[in-house]
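Same order as they appear, the protein sequences are chains C and V. Counting the first sequence from 1 gives a position; the numbering used here is that position plus 5. Counting the second sequence from 1 gives a position; the numbering used here is that position plus 253.
Source of the hints: derived by calculation from the structure; they are not laboratory data. A portion of the hints provided could be inaccurate.
To be verified - Pairs of lysine-lysine residues, derived as DSBU-like cross-links and limited to a Cα-Cα distance of at most 30 Å, are as follows: (1) C:175 x V:416; (2) V:482 x C:299; (3) V:509 x V:465; (4) V:377 x C:254.
Chain by chain, the residues run as shown.
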Amino acid sequence: MSAGKQIRWAAMVVAFFALVSCGVFAQVTDQQHGTVIAGAVMYVTPDPNAAQVARPNRGRDTWLMGKSMIDGKEWAHIMVTMSQNSFSAPKTITGWTDARLVITSATPNGDQILFGEAVQAQHEAENGRRESEEEAMRLYYRIYEYFRSSPLAPESLWHAADLEWQLEKKGVFSRPSAREMSPDARAEIDEEMMRKVMKEYPRTKWSDLAAYDLLDNKICGRWNGETKCPEKETDLFEHYAHEHAQSPKAAEALYKAAWRQAVLVDMYKADHQNDKSQKAKRRAMQIAQEISTKYPEGDWKPRAAQLTYELQQGLDISTEGHREARK
Amino acid sequence: MKASLLAATAAWFALSAFASAVERGTILRSADLHASPSTNSEKVQTIDRGTELNISEQRKAGNDSWVKVSIAIPGATRNEPAREISGWLQATPVVIASAANADEVIYGEAVDSEQQAEQSGGRKGAAQDAMRLYSAVAQLFPNSPLAGEALWRSADIRHQLDKGSGKPPDDFYLNQVISRFPKTKWADLAAFDLIDTQLCGDWNGLPDCPAKEAALFENYAREHPQSPKFGEAVFNAAVRQGTVADMYRMSNDKEKSTAAHTKALALAQELAGNAAQGEWSYRAADLIYKLQQNIPLYGVSE
């Protein structure tokens, strides 16, 4: 073998081992990522009497740097990303915590443990614990991030996206701009996460649900008595229902479309546009019929029957109109 | 020609039947009961949505249709006798039981009211409206496929309202679901609500209460294995057993602590990996991890 060939061969061997070791390293580091659960406390040293560094919330992005057994208790040396808002750069903090509270992708059933913890956090949020909602959101996202091959990953990404969406929606719709008719008058709810759900898991229940949430950015703030908003929204909801016929939200979307047409009956009547009023009534009843035929199970069929009856009897529907001006 | 003759004949028969018998029904909007069929006549009382009506007469007055109704106004408590009042209501919001799809129409209105009640700024009294409307479905249409669920929803709303207002719980309505629709999903759900009335208010740091509650939930799960609440009941029993284990651990009763810990694990393992139990299977996986790692559910770590 010539010297040149020898050098090339040696370089190939080095490159091969470098690639292999990189792969191994990548695997090891990947297995060190995760999060903390159940009220973890970080200390300067692995000692419960040492100074406390932080109390990271559940779901914070955590890197497990190492473990140490001290007096029969296992400690984890972790780095946690603590602050992730729009006004400050993410802050990382290192310290020691009870190793039992650190769940990484190497933890057996780690995806299920985190999913269970996230569901629990959601229940706590429903019972008024304020930070639990954000904890649930982060916990779900960690499942997607660190357990990509888990069957729970798609649902988790959807939950994370939806929780973030609902939090932002609450803010957007509480501002004065939300009382403007045009949706362009108010800040748009960030669509990035929802688009990610649709891109990563197309043609799934989660993608259908994400597409439904996105309609929030298109609906009017207030109708201000103008017919163009309920007309436009009818089209939006009907289009959604036809594009996502298998969606758990399809029947609801059709009901919302029918309800808007039912409200238009009185709006057009008040405007002396009887032809349009009659047309809206027919369309509302057609959509209600579509609900009965396509979605006979659940609450939407009786609600469609109720709407039809109210239209037939000429009962006032718009008296409650304000409540559904928002989606 | 033939069709209109048929329709006229049918209408005549319907009206004759109406004239000869009292029809039952309810009302979809709150409305004023008048002494005579005119909006100018004396107002007797406002009638709430979902109130059950006995309709004895229908009359046209000007452009409006009116129905003569009698209503049993319930007493303040279940044992107080009902007071009967009668008068005239405008016919538009009244649904007669014989109308097409009347069960669905009333049920739909009940769902709508229930949703109103859940919204911030929703209509005042919407929960009570939903409770009455669901009840009306069950009373007026005992053979409707919606009757069981309607009776359950009505009893559940009453139960939740009582619980929220601090009123002593009245088991009558939930027991009515169990007796009228035994061995159904609705009876299972009613039985689960009834556990509420047997739970302790505060555990006071003592294991007696969570131990008793764990037994209640486990007993429910054994008696209602098909219930939609099976997973929740087993999980609740497991969490309480885990809590009991921690309480005994803190009082240095190692034997009882170990027994409760083992029981908690066994209960949680019934759910873990059982996809049919949905979120409860994942909550169980989380609980198993905490139990296996001795992460305390109550109090502080050793």
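Here's how the hints hold up against the structure:
1. Between residue 175 (chain C) and residue 416 (chain V) the alpha-carbon distance is near 29 Å, which keeps this suggested pair within the 30 Å criterion.
2. Pair hint residue 482 (chain V) plus residue 299 (chain C) holds up; C-alpha atoms about 29 Å apart against a cutoff of 30 Å.
3. Using a Cα cut-off of 30 Å, the hinted pair residue 509 (chain V) and residue 465 (chain V) holds, with the two alpha carbons roughly 15 Å apart.
4. For the hint linking residue 377 (chain V) to residue 254 (chain C), the alpha-carbon distance of about 27 Å falls within 30 Å, and the restraint holds.
Of the numbered hints given earlier, the model fails none.
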